[in-house]
Amino acid sequence: MAGGKEPIEVKFRLFDGSDIGPNKYDPSTTVAALKEFVLTRWPQDKEVVPKTVNDVKLINAGRILENGKTLAESRVPVGEVPGSVITMHVVVRPPQSNKSGIAFDFLLIDSKLTSYYVWLSHLWLQYN
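Start counting at 1 in the sequence shown, then tack on 43, and there's your number in this note's numbering.
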């Protein structure tokens with residue numbers, strides 16, 4: 044691995060509780076690259092299928108991860124056991140329109156998190 048850093052093992056938890064992974068990634072892997080991986084492994088039998096990385100949000104420890112950041116920069120080591128698998132939640136933004144033509148989406152996050160996010164038109168709103 045680059046710089047002698049150990050790979051980070053990550054699994055992606057989908058909205059229905061199923062998982063993609065776990066797989067090992069170099070700490071220098073970007074969040075955008077992780078999203079690309081999720082897109083390539085997305086089960087086609089799901090009702091909602093993301094088309095681009097912009098349709099996908101990765102959440103780690105209640106934080107939405109930024110595409111340009113690396114896995115090492117994005118991980119939150121609180122409560123991590125060395126060598127354990129990190130679970131990232133995957134949220135898909137399925138476009139829907141109401142009669143006014145305004146796009147809106149609803150997002151449910153694991154109830155163990157202290158915050159949740161709602162996608163409204165073009166903006167993520169955080170609720171505590």
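These are computed hints drawn from the structure, not numbers from a lab.
Note that the structure is predicted; figures quoted are calculated from it, not measured.
Please note that a few of the clues may not be correct.
List time: in silico BS3-like cross-link candidates among lysine-lysine, alpha-carbon distance up to 27 angstroms [unchecked claim]:
no. : residue 1 : residue 2
1   : Lys94     : Lys112
2   : Lys54     : Lys67
3   : Lys54     : Lys94
4   : Lys54     : Lys112
5   : Lys112    : Lys67
FRET-style restraints, in silico, Cβ to Cβ [to be verified]:
no. : residue 1 : residue 2 : range
6   : Glu90     : Lys48     : 29 to 39 angstroms
7   : Arg84     : Ser127    : 19 to 29 angstroms
8   : Ser71     : Ser127    : 15 to 25 angstroms
9   : Gln87     : Glu49     : 12 to 22 angstroms
10  : Lys48     : Gln87     : 33 to 43 angstroms
Built from N, CA and C at the ideal position, the CB exists for glycine as well.
### Task
Please name the hints from earlier in the document that this structure breaks, with their numbers sorted from lowest to highest.
9
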